[in-house]
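One-letter residues, chain by chain:
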Amino acid sequence: MINFIFVALALLSILFAGLPVAFSLGATSTLLVGLYDLPMKIIANSVFSSLDSFIVVSVPLFVLMSHVLLSGKIGDDLFDVMNAWVRHLPGGLAIATILACAFFSAISGSSAATAATIGMVAYPAMVERGYDKKLILGLLAAGGTLGILIPPSIPLIIYGAVTEESVGKLFVAGIVPGLMMTGFLIGYAVFRCKQGGFAPQEPASWKERFELTLRNIWGIALPFLIIGGIYTGVCTPTEAAAIGLVYSLVITLVIYRTLQLRDIPGICLKAVTTSCMIAMIIGGAVLFGRVMTLLEIPQKLTEFIITWKLSAFMFVLVMNILMLVLGCILETVSIILLTMPLVAPILAMLNIDPIWYAIVLTVNMEIALVTPPVGMNLYVISGLREDINMGQVIRGVFPFIILLFMFLLLTMLVPSLSTWLPSLMQ
Amino acid sequence: MIGQFRKAVEGCNLILGMISGLGVLAMGFIILYEVVCRYLFNSPTIWAQEISIYLYMWTMLAASSYTLQMKKHVNVDLVVDKLSGQVKTVMEIVSSTIGAIFCAIVSVQAYEMIAASVHFGKVSATPLRVPLWIPQSALLIGFVLLTIQFTFTIVERVAAMIPQKRGGDSLL
Chain D
1 MINFIFVALA LLSILFAGLP VAFSLGATST LLVGLYDLPM KIIANSVFSS LDSFIVVSVP
61 LFVLMSHVLL SGKIGDDLFD VMNAWVRHLP GGLAIATILA CAFFSAISGS SAATAATIGM
121 VAYPAMVERG YDKKLILGLL AAGGTLGILI PPSIPLIIYG AVTEESVGKL FVAGIVPGLM
181 MTGFLIGYAV FRCKQGGFAP QEPASWKERF ELTLRNIWGI ALPFLIIGGI YTGVCTPTEA
241 AAIGLVYSLV ITLVIYRTLQ LRDIPGICLK AVTTSCMIAM IIGGAVLFGR VMTLLEIPQK
301 LTEFIITWKL SAFMFVLVMN ILMLVLGCIL ETVSIILLTM PLVAPILAML NIDPIWYAIV
361 LTVNMEIALV TPPVGMNLYV ISGLREDINM GQVIRGVFPF IILLFMFLLL TMLVPSLSTW
421 LPSLMQ
Chain A
1 MIGQFRKAVE GCNLILGMIS GLGVLAMGFI ILYEVVCRYL FNSPTIWAQE ISIYLYMWTM
61 LAASSYTLQM KKHVNVDLVV DKLSGQVKTV MEIVSSTIGA IFCAIVSVQA YEMIAASVHF
121 GKVSATPLRV PLWIPQSALL IGFVLLTIQF TFTIVERVAA MIPQKRGGDS LL
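For the protein sequence lines, the chains are D and A, in the order given. Note that the numbering used here has the first sequence beginning at 1, numbered continuously upward. Note that the numbering used here has the second sequence beginning at 1, numbered continuously upward.
Check before you lean on any hint, since a few could be wrong.
[To be verified] Quick list of in silico lysine-lysine cross-link-like pairs, PhoX-like style, CA-CA up to 25 Å: (1) K88(A) - K72(A); (2) K207(D) - K73(D); (3) K72(A) - K82(A); (4) K270(D) - K7(A); (5) K7(A) - K82(A); (6) K71(A) - K88(A); (7) K72(A) - K270(D); (8) K71(A) - K270(D); (9) K73(D) - K270(D); (10) K207(D) - K134(D); (11) K71(A) - K82(A); (12) K73(D) - K72(A); (13) K41(D) - K133(D); (14) K7(A) - K72(A); (15) K122(A) - K41(D).
In case anyone wonders, no lab produced these hints; they're calculated from the structure.
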């Protein structure tokens, strides 16, 4: 236990000094290797072996794919399509915004990308129609978090890579909760808009709806292609990412011509920094995990937890509280990489389904994305336009945080929401 | 002098970043080719998966110093952002020094790893039998560049702390 506290303190002080997470993990591990006289060789070895995995190859592919779609303005078109279908309903634009977020989540693995893409088009449209500014901002920040729950999802890939769970199953597990969360958000938006007494817009004609949908059918088909391929077992998640990447290049370069060949190197360069950041954190975390294992910290922690005689539910509850705290300091990928080597053996001991836990953890991370001080989506949304300030975003997102908490509780109480669909896969 | 060296290294970072970006693209096409071969021609390749992993190693490591240069490696700035000028600079020097030491240690070990691989003629345990020094060199190059990048930050911050003498500001 003394070891554990010492390790935690060393890591936290290096982290707070401002060294990037990846190198903080590496440096703390190196310090421990020196202090406890562990074999030096494991340092470079662990970093190197962390890169030797086919499943994490999917990360740069999914990241590049969403950058291509982002630059190719596919998100804007998705919003237009959704808008044509629902704009005459009460709170129509809000519904369109959430649907577009959900759809973009299904072609991108990140929340920030989702919030930024849809926010760009939805915010001006909603302000123009007199929607409450705080509601819009909250909606966008919360809608963006669907990005990590609805597959593909970078955090779930990372979870699968550390726990050796099937990433395909994890992706599929996110579908039902993701759709339910979408429904929750829509329900709340409609409720709020009815109070505000918005005059609904003119309905779009069926002709307009079908024309818009048909024109954007290539973008709309992409999520079905990716998820369908993985669900039916036709391809692995990494292969699905490659297919999705080439497909998105074809539609933006050839079909819609929103991108030109000369834009591609710049997009690749932008995407590679994000992937590299994740790859380096994985490297640091794998090294850190190896050092902790050599110091027998996971085993001791597991034994320690067992003496508390916690029930599975209580343990997950305690973990959630801990994750909420961590979510105020670190971002999603680091949290998963840092905690899972410690938590996985305890999950096995308490007979907790790791797929269910993955979804609970992801929903928890969604909350982290919208809670100050470091909630990534808050920054993304407040950076959308000059006239938006952080205070407005935080006040706007508050009711959605409560909504997310209720949803977190639901996923904890009803595991079958997460486990039913993947159980149907072979 | 340092300025020129810095320019050279940053240019090198950018070029490696660019190549890495295109490398990820190539990875996508290689994996797609594998899927096409498997389903359309019923003859999966023996090399696609392995080569794409090596590409992944190379692209991620080669782009790492560019990522650091662009400040895209995510960090916890909760405390650092609240600090005032001088204290913040000291913190940056301390954290960059820790970073530089770590990266230097990995570089040295990577070099030893490669030396051992070359000496014993180690190859991958796959039908391709790729010499291991090829993927391992990525680790060396990536971390040497990271060490240099961290060192630049240290030199720059230290120089900023020393009161500027007339004519002395051409150092960087």
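Those earlier numbered hints the structure runs against, lowest number first: 5, 10 and 13
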